[in-house]
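Chain X: place on chain A using the hints.
Here are the chains, one letter per residue:
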Amino acid sequence: MSAFWILSLNSWMQTPVGFEVVNGKIMATDWLAILFNPSFPYRFTHMLMASGLTASFVVAGVSAWQVVKKVDSKATHHALKTALVAAAILIPIQIYVGDLHGLNTLKHQPAKIAAMEGVWKTEKGAPIILFAWPDKETKSNLYAIEIPKIASLILTHDPDGEIKGLNEFEGKHPPVAPVFWAFRIMVGMGMLMLLLSWFGVYLLRKRTVNTMPRLYLIALSAMAFSGWIATVAGWYVTEIGRQPYIVYGVITAAETAAKHAPAMIGLTLTAYLALYIFLLISYVLVVKNLSEKPTRGQPPKLPTAPIQKIDAGFASVDSSSRAETAGD
Amino acid sequence: METVLPLIFMGIMGLAMLIYVILDGYDLGVGILLHFAPDDHKDMMVASIGPFWDANETWLVLGVGIMLVAFPAAHGVVLSGLYLPVAIMLLGLMIRGVSFDFRTKAHDARKPFWNRMFAIGSVVAATSQGWMLGSYVSGFRDDWWTWAFNAVIALTVPAAYVALGAGWLIMKGEGELQARAVVWARKAVLPFALGISVVSIATPLISETIYKKWFHLPGFFALLPIPLVTAAAFMALWHVTGKKSIIDAGYGWIAFASTVLVLILATLGLAYSIYPYVVIDRLNVWEAASATSSLVILLVGTLITLPAIIGYTIFVYRIFWGKAQELTYGA
Numbered sequence: 001m002s003a004f005w006i007l008s009l010n011s012w013m014q015t016p017v018g019f020e021v022v023n024g025k026i027m028a029t030d031w032l033a034i035l036f037n038p039s040f041p042y043r044f045t046h047m048l049m050a051s052g053l054t055a056s057f058v059v060a061g062v063s064a065w066q067v068v069k070k071v072d073s074k075a076t077h078h079a080l081k082t083a084l085v086a087a088a089i090l091i092p093i094q095i096y097v098g099d100l101h102g103l104n105t106l107k108h109q110p111a112k113i114a115a116m117e118g119v120w121k122t123e124k125g126a127p128i129i130l131f132a133w134p135d136k137e138t139k140s141n142l143y144a145i146e147i148p149k150i151a152s153l154i155l156t157h158d159p160d161g162e163i164k165g166l167n168e169f170e171g172k173h174p175p176v177a178p179v180f181w182a183f184r185i186m187v188g189m190g191m192l193m194l195l196l197s198w199f200g201v202y203l204l205r206k207r208t209v210n211t212m213p214r215l216y217l218i219a220l221s222a223m224a225f226s227g228w229i230a231t232v233a234g235w236y237v238t239e240i241g242r243q244p245y246i247v248y249g250v251i252t253a254a255e256t257a258a259k260h261a262p263a264m265i266g267l268t269l270t271a272y273l274a275l276y277i278f279l280l281i282s283y284v285l286v287v288k289n290l291s292e293k294p295t296r297g298q299p300p301k302l303p304t305a306p307i308q309k310i311d312a313g314f315a316s317v318d319s320s321s322r323a324e325t326a327g328d
Numbered sequence: 001m002e003t004v005l006p007l008i009f010m011g012i013m014g015l016a017m018l019i020y021v022i023l024d025g026y027d028l029g030v031g032i033l034l035h036f037a038p039d040d041h042k043d044m045m046v047a048s049i050g051p052f053w054d055a056n057e058t059w060l061v062l063g064v065g066i067m068l069v070a071f072p073a074a075h076g077v078v079l080s081g082l083y084l085p086v087a088i089m090l091l092g093l094m095i096r097g098v099s100f101d102f103r104t105k106a107h108d109a110r111k112p113f114w115n116r117m118f119a120i121g122s123v124v125a126a127t128s129q130g131w132m133l134g135s136y137v138s139g140f141r142d143d144w145w146t147w148a149f150n151a152v153i154a155l156t157v158p159a160a161y162v163a164l165g166a167g168w169l170i171m172k173g174e175g176e177l178q179a180r181a182v183v184w185a186r187k188a189v190l191p192f193a194l195g196i197s198v199v200s201i202a203t204p205l206i207s208e209t210i211y212k213k214w215f216h217l218p219g220f221f222a223l224l225p226i227p228l229v230t231a232a233a234f235m236a237l238w239h240v241t242g243k244k245s246i247i248d249a250g251y252g253w254i255a256f257a258s259t260v261l262v263l264i265l266a267t268l269g270l271a272y273s274i275y276p277y278v279v280i281d282r283l284n285v286w287e288a289a290s291a292t293s294s295l296v297i298l299l300v301g302t303l304i305t306l307p308a309i310i311g312y313t314i315f316v317y318r319i320f321w322g323k324a325q326e327l328t329y330g331a
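These protein sequence lines are chains A and X, in that order.
Note that the numbering used here gives residue 262 to position 262 of the first sequence, counting from 1, and the numbers run on in steps of one.
Note that the numbering used here gives residue 206 to position 206 of the second sequence, counting from 1, and the numbers run on in steps of one.
The set of hints was computed from the structure by calculation and includes no laboratory data.
We put the CB at the ideal spot given by N, CA and C, even for glycine.
Keep in mind that the hints are not guaranteed to be accurate.
[What the hints assert, rightly or not] With the C-beta cut set under 8 angstroms, the calculated list includes, among others, these residues of chain X facing chain A:
| # | residue |
| --- | --- |
| 1 | Leu84 |
| 2 | Ala87 |
| 3 | Ala106 |
| 4 | His107 |
| 5 | Ser207 |
| 6 | Ile297 |
Isolated chain A (complex conformation) (with noise of 0.2 angstroms):
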């Protein structure tokens, strides 16, 4: 349900309907519309199945973790099985969904696509870029790697189609480099998740949990924050492929600013940057902590050890289960 809200609220102002302004006002005319909004659909189903995905390589990742550490457990084992299974099946429909959002936005935010893909002229036949650095100065893609026509291919099913560049929306659109490495990352992300998940499941089919190649492990627990790097990318790419607008082409982030020093907001900005680093490295810290810890319900394998130690290693375990409750 927040994700519904908050979702609709962003879609608008990505593609703003059913509104009128009325002497400098923005009016609401027809409500459906606006909660219904186009863009609304393809960033909803997208950022849910992003969601999907956060979880499944979180649970993933630590459970491999737990696995490399030898901490793990049945549960460990069924959470590692789960998560991979539901990995992948959610990425290839995401793939998908993300494909049909890219349309969606080609269809409504022209300027957005030129800038992801990197397109500073319109072209017929355009090549996908891999790996660039664009220069805003002269307005060219440098140490470019591309595949010819596949851009055309994959936003017109058509190798010679044509996609507007950056050329047709002069001090209208977006700065390109943060687009198009945002959408980089998240699209690296993506495949990588496609990889890891499908090879995690092939695996699966003939071997169990432990037998597991170590390196395999590893590269699962290195995944385990995938998700969100991905899905942060991702706004990256919608939020900063909207501007100058905040409305898309109604009103502009500049027209709604407050007027602040800059030194003002350079410090707050500063700040909550620094507040946010130490928070991620805690939060890291603290997953591996808690992760490294033997996992409930089961003891720790202690094969030989005396009854008493097992005992205390229930006891652990015991106090380790109540109540996860209140705190969340």
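Only chain X this time, still in chain A's reference frame:
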């Protein structure tokens, strides 16, 4: 509709803010007091607010949310005027919220650190809220008198929260913790009362608009019950925290109740002072309101949301009624 709807939203917004101050007030107060508590009481103190604290913050979101959608013009003025204290408050609330979870989930050796962060976050949030209130009442002016005024409120609000928090712990705690809470409450009474008095006297001095509303006859006498009942509530608070026999007889809740009464009266006084402005001397309720058609939609939403929030609030307080029990958070 055009006249009444903005007033309804003003009322809901004021109510949300009052409930926020009372509810998040006591848990922020407990957070501040955490710094003064011995280690063996800290878990119990956090457990006493555990089931409630984040639901309490919902009221702030509701209040500010209503301001954004129902009074967009005021939202722009108020939040621009309060930019820095709001930013600092958010930093405090973030640190606090995270510490709440991390203090038991992080490595044991880090627990004292997160306890300290929890107290720091609480005091930062409370102080910046006080500054925000001062700045709002004085109309976002920038001069020495206004800053002094803001500073007094910035110190009064944490004192009020500590009194609330201590009152809460008297109700929720037992034995040594309860005895300690009584001492804390008593220590908070003087700064709290002094703060409220200074603010009450200074507010009409700093704003001519407010002065005119209070000091005219016969209105002054009609308003007299507000300061008088406030004084009585303070006396009750002082009395209860001075007599162990009253606490032992089960009337410890009077400390919390009288603090709440002071805050309700202060809010009433403030609401009377400011009405019909949303931003004093600049924007009144009707000037700041959204289009009537938007307000109608909002009213429908609010009529669904508000009872839901009130419902689960009552529900949660009923479940966790009585003395707090030791809780562990997946430690």
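For each hint, the structure was consulted:
At its closest, the beta carbon of Leu84 of chain X sits 7 angstroms from a beta carbon of chain A; the interface hint therefore holds under the 8 angstroms criterion. With 8 angstroms as the threshold, the beta carbon of Ala87 of chain X comes within range of chain A, its nearest partner Cβ sitting at about 4 angstroms, so the hint holds. The restraint placing Ala106 of chain X at the interface with chain A holds, with a minimum CB-CB distance near 5 angstroms, inside the 8 angstroms limit. A distance limit of 8 angstroms between C-beta atoms decides the matter here; for His107 of chain X the minimum to chain A is near 5 angstroms, and the interface restraint holds.
A distance limit of 8 angstroms between C-beta atoms decides the matter here; for Ser207 of chain X the minimum to chain A is near 24 angstroms, and the interface restraint is violated. At a threshold of 8 angstroms, the smallest CB-CB gap from Ile297 of chain X to chain A is about 6 angstroms, leaving the interface hint in force.
Hint check: a violation occurs at hint 5 only; the rest are consistent with the structure.
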